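Number of protein chains: 2
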Amino acid sequence: MIGLFDSGVGGLTVVRALLKSAPQADFVYLGDTARTPYGNKTQETVERYAAEDARYVIKHGAQLVIVACNTASALALPKLQEAFPAVPFIGVVKPAAKAAVEIAKRRVGVIGTRATVNSGIYDKVIHKYGEKLEVLQQACPLFVPLVEEGMVEDQITKIMIRRYLTPLRQANVEALILGCTHYPFLQPAIQRFMGKKVHVIDSASVVIKQAMEEYPQLFTAKETLSQHIAFTDTSPLLDRLATKWLGRPVKAEHASLSS
Amino acid sequence: MIGLFDSGVGGLTVVRALLKSAPQADFVYLGDTARTPYGNKTQETVERYAAEDARYVIKHGAQLVIVACNTASALALPKLQEAFPAVPFIGVVKPAAKAAVEIAKRRVGVIGTRATVNSGIYDKVIHKYGEKLEVLQQACPLFVPLVEEGMVEDQITKIMIRRYLTPLRQANVEALILGCTHYPFLQPAIQRFMGKKVHVIDSASVVIKQAMEEYPQLFTAKETLSQHIAFTDTSPLLDRLATKWLGRPVKAEHASLSS
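Those sequence lines, one after another, are chains A and B. For what it's worth, my numbering labels the leading residue of the first sequence as 1, then goes sequentially. For what it's worth, my numbering labels the leading residue of the second sequence as 1001, then goes sequentially.
Heads up, a few of these hints could be off.
[Said to hold, decoys possible] Sample of chain B residues facing chain A (criterion: CB under 8 Å; computed from the structure):
# : residue
1 : 1035
2 : 1041
3 : 1077
4 : 1233
Think of the hints as simulated: they come from the structure by calculation, not from any bench. This one's a predicted model, so the numbers in the text were calculated from it and none came from an experiment. For each residue, glycine too, the CB sits at the ideal point set by N, CA and C.
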C-alpha cells in the first residue's frame, strides 16, 4: 500500500501520474482540505500538519509515503523521517531536482509557493547534484487559486504567467521545475510562454518514476484492489473537482486527524 | 474587553474600524492564519473552527464577541450562540443587511466568498427587514488572494472586478454589500466601477457601529489599555501585513487553540 498526502486537492496530480503508470497499485491519498493551503504558512505549522497527515496514511496501511505536496516536501521532510523512522518517505523536491540536473547545463528555473521558494530547498538540492548550475526561483502565489477556479486558459492566467515567468524566460533557463502540485494544470500555457526549447519538469510525474524504481513491489497488482481518497473537509464541490482531475468518479471519505 | 476573530488577517479591517471609532477600547483579536481561508470550506468545518476561535477570545476575557469574518457569521452564528450562551455574539451579516435595507428601494447586491454566497444568508436576512427587495449575489473567490498579494489597484484586479460585478452593475443595484472582510481594501476600485450612485456598504464599519450602539460601555477608555492581536500561525510577513493595514506596529502573539 502506497500512502500519499497533500495540503488539498493539488496532490491528485500525483495520483493521476500514479494511475497512469500503475493503474492497479494500492494507495491511500489524504488531502488536508480543511487546512489548505500550506503555501503561505510557516515551517512549524507545515511540519505539524504534515506529521498528522503522514500518521493518517500510515495508520491506513501505507508502507511508503509519497509527500505529494511541494511545500511539505520543502519544509517538513526531515521531521517526517524522524517522526516515522520505520516508513520510507519520498518527497517531490529531490526527483524534480535530479531531472533538472540531467537536462540543464547552465540554468534551471523553479516556480512554487512562497513557502517553497523561501525555503531555498530547490536551490540547495539542485546544487548538490549539479554544483555549477545557476538556479532562478520565482514564487507564483496566484497560480493555486487560479487553478482551483478552473481558470487554466483564462486571460488573467496568461497575464500572470507572463508576469511571473518573464525573468526566467529572459535568463534562458533550460529546464523549469513546476514546484507545486497544482501547476501541471498550467503546463500547456507555461510551455507555450517559455517556448519549446525549455524542458518543463512536472514534479508529479518524476516522483512516481523514482518511487517505482526504488519500490517496484509496491506498484504491482494485488488480488484485490484497494484505492482510497480521503479529505479532511469533504464536499460535493471537491468530489466534482477530483472527479474531473482524475477522470474517474471520486467520492472522498472524511478523515479526522489526530496529533 | 471586546473579542474579535476572523479566519485570518482580513478581520483586521474590523479592528481598523474599531480603532477609528474607539481608539481606547480594550480588545483581543484572533486571526486563524494556520487554517485560513474559511471561504471555500464546509459549514461543519467552519462551525468547528469558529467555536475554537470564540473559545480563545472568551478565555482571554471577551465579554462580547464580534465575528469579524463573513463566512463564519454566515455559517456558524447559531452554533456559536448555542455553545457560549453567556456571551453575546455579533456577526457582520445583520448590520450590513440592515444598512442595505435603509438605503435600497429595489435591488441590493452582495459579494462574498463562495461559502458565504452559497449559504444564502444575506438573501434571508435582507428579506427579513425588506421583504420586497431583490437580492443579487455574486461569489468573488479571487478577491481574497488578490488582496493578500497587495494587488488592490492592479490591472488583474480591475479585470476581475469587471467580470464579477458587471451583472450587478447592469441590474442597477442601489446598494452593494462587501460581504467579506478583505474587500474594503478593494472599495475604491469597486466604487469606481459601480459608479457614484451605488452605496457600497463595508461590513467592517457597520458591525462596529451596531456593537457600539448595543454595548457602549465596552467601548470606553479604561485605566489601563489592553489591546492584543494573536494569530494561530505567526510570521514576520503577517506582522508586516498587519502593521501596514492597521497603520501601527503589530507583533502578533502565537495562539494555540483547543477544541
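Against the structure, the hints:
no.	hint	in the structure
1	1035	5 Å, holds
2	1041	5 Å, holds
3	1077	20 Å, violated
4	1233	5 Å, holds
Taken one by one, the earlier hints fail for this structure only at number 3.
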